[in-house]
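Trainee: Produce the entire structure from the sequences given, and follow the hints as far as they go.
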Amino acid sequence: MLPKSLLKFRRSGEQLKPVFIDAEDDDNIQLARELLELYRIPENSADALTRGELEEMAEPLLKGHRDRKLACGLHKLALDRCEFSVPPDIDYRELRSKLFVAGASLLLEGEPPEDSHDYRSELLRRCSCADNEIYNDLPHNEKLCKVRELFPRELLQRWNCSQVQSLLLYASAITLNIEEPNPAAVRKLFKYMKFFRLLAEIQPLAEKKKKSNTDTMFRFTMKISGPISLFENTRKYALQLASFFPAICDLKKWNINAEIKIDDRQYQLKLNQDAGLVGHYRNFSSYIPEEITMFHRLFREKSESWEIIGESPFFHFTNQELIFPDLSFRSKLDGRTVHLELFHRWHSTPLLRRLQALDDHPDVALLIGVDRSLSARPEIKYALDHSTFFQRMGFLFRDFPGVERVTRVLNKLG
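The sequence shown runs 11 to 424 under this note's numbering.
Hints listed in this document are in silico derivations from the structure and should not be mistaken for laboratory results.
Check before you lean on any hint, since a few could be wrong.
In silico SDA-like cross-links for lysine to any residue, where the CA-CA straight-line distance does not exceed 20 Å [what the hints assert, rightly or not]:
| hint | residue 1 | residue 2 |
| --- | --- | --- |
| 1 | Lys201 | Arg355 |
| 2 | Lys86 | Lys198 |
| 3 | Lys312 | Leu343 |
| 4 | Lys156 | Glu93 |
| 5 | Lys86 | Val288 |
| 6 | Lys198 | Glu331 |
| 7 | Lys108 | Ala140 |
| 8 | Lys391 | Leu352 |
| 9 | Lys280 | Leu261 |
| 10 | Lys198 | Glu300 |
| 11 | Lys422 | His371 |
| 12 | Lys262 | Asp284 |
| 13 | Lys246 | Asp284 |
| 14 | Lys312 | Arg415 |
| 15 | Lys271 | Pro13 |
| 16 | Lys18 | Ser253 |
| 17 | Lys246 | Thr359 |
| 18 | Lys204 | Ile318 |
| 19 | Lys312 | Gly424 |
| 20 | Lys156 | Asp284 |
| 21 | Lys233 | Val196 |
| 22 | Lys262 | Phe200 |
| 23 | Lys156 | Glu53 |
| 24 | Lys18 | Glu34 |
| 25 | Lys204 | Ser383 |
| 26 | Lys204 | Arg245 |
| 27 | Lys263 | Val196 |
Source: prediction; values computed, not measured.
Mentor: Put into structure tokens, the structure is as follows:
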């Protein structure tokens, strides 16, 4: 993500238009290459540069480039991929205080060393510390220890994508329309949505047949609340939403319409696949969060009557809405399927909407899990207490539900 000061966009009436760069341009590639070359891990770790030294080396590149925002933005993205050393667990303020006290004592002794180097060495000896330990806790002195490498073209593509991601931090509402012929790509998109703990109102559009054969083209609309529409936890939610955007970019056909509030004015951000943006998520399908892995393992061990379905299917909740559940379970006794949808701390509006709809459709095979931090809000507590569906099919959890709580609700279903 980039700060607002490094964003490049134009205002045209009520429209915001991000300014993108050519990721194939030789001059842009050369700039990206020179910046990435700064952040190389030396063969000898003792030769690793400090954060301060790297900033000094980057300064001529940043100040000398004709497009300062571009150069500084690329530098910020390159720096975000670096890890720096963590100083030893020492009370550095106490250490520096001891040095000052030792210095005063040495002066009061009458004849301190005349040579400044000898004077410094004596102070360090008395305090039992090395010369390079005194200011190790300052960020300027952290050493580069790890870099997630990129090719220059990839850095440029990420700069383009970050222009949109960073604007989405100021979104109040987002509508996403998708046409995708590949069901695996659609499923992957919704996995990203669940991974970033986002909830959307998903409505199918009229299906179209692909020209080449009789297969169906997946067409649907997603409406996602933006961070500006929330009253709490907005920073984390905004980052989650912005992080989700690259997952959209690799779809066959998409368009996004976002309401952006920036500089106290409301704008529209409209983009589609013609912008040429490139997503950078590659190995997500093989990544499973630790809490999911642990839940699957414990569920297999403890549940006798139910099993987890490997791929949670979409299901039609009403004629107007689709649900992509967090988990799905199948009964070993009669083969019926029950889904689970989780509502986290910033999902108040989707939860209230879902509870109302479920009370109108009490036969839906859907468990509802609600984060305790969300249930503590008065209007949510009232809704949960007065929802007949939640009393039968719901439960509370903290961060991620436990196996015993889920199996208890499943077993009540018989």
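Trainee: Please go over all the hints and tell whether each is borne out by the structure.
Mentor: Results of checking the hints against the structure:
no.	hint	verdict
1	Lys201 with Arg355	holds, 19 Å
2	Lys86 with Lys198	violated, 29 Å
3	Lys312 with Leu343	holds, 16 Å
4	Lys156 with Glu93	holds, 5 Å
5	Lys86 with Val288	holds, 19 Å
6	Lys198 with Glu331	holds, 19 Å
7	Lys108 with Ala140	holds, 13 Å
8	Lys391 with Leu352	holds, 16 Å
9	Lys280 with Leu261	holds, 16 Å
10	Lys198 with Glu300	holds, 18 Å
11	Lys422 with His371	holds, 19 Å
12	Lys262 with Asp284	holds, 10 Å
13	Lys246 with Asp284	violated, 29 Å
14	Lys312 with Arg415	holds, 11 Å
15	Lys271 with Pro13	holds, 15 Å
16	Lys18 with Ser253	holds, 19 Å
17	Lys246 with Thr359	holds, 17 Å
18	Lys204 with Ile318	holds, 17 Å
19	Lys312 with Gly424	holds, 16 Å
20	Lys156 with Asp284	violated, 36 Å
21	Lys233 with Val196	holds, 16 Å
22	Lys262 with Phe200	holds, 15 Å
23	Lys156 with Glu53	holds, 12 Å
24	Lys18 with Glu34	holds, 19 Å
25	Lys204 with Ser383	holds, 18 Å
26	Lys204 with Arg245	holds, 18 Å
27	Lys263 with Val196	holds, 11 Å
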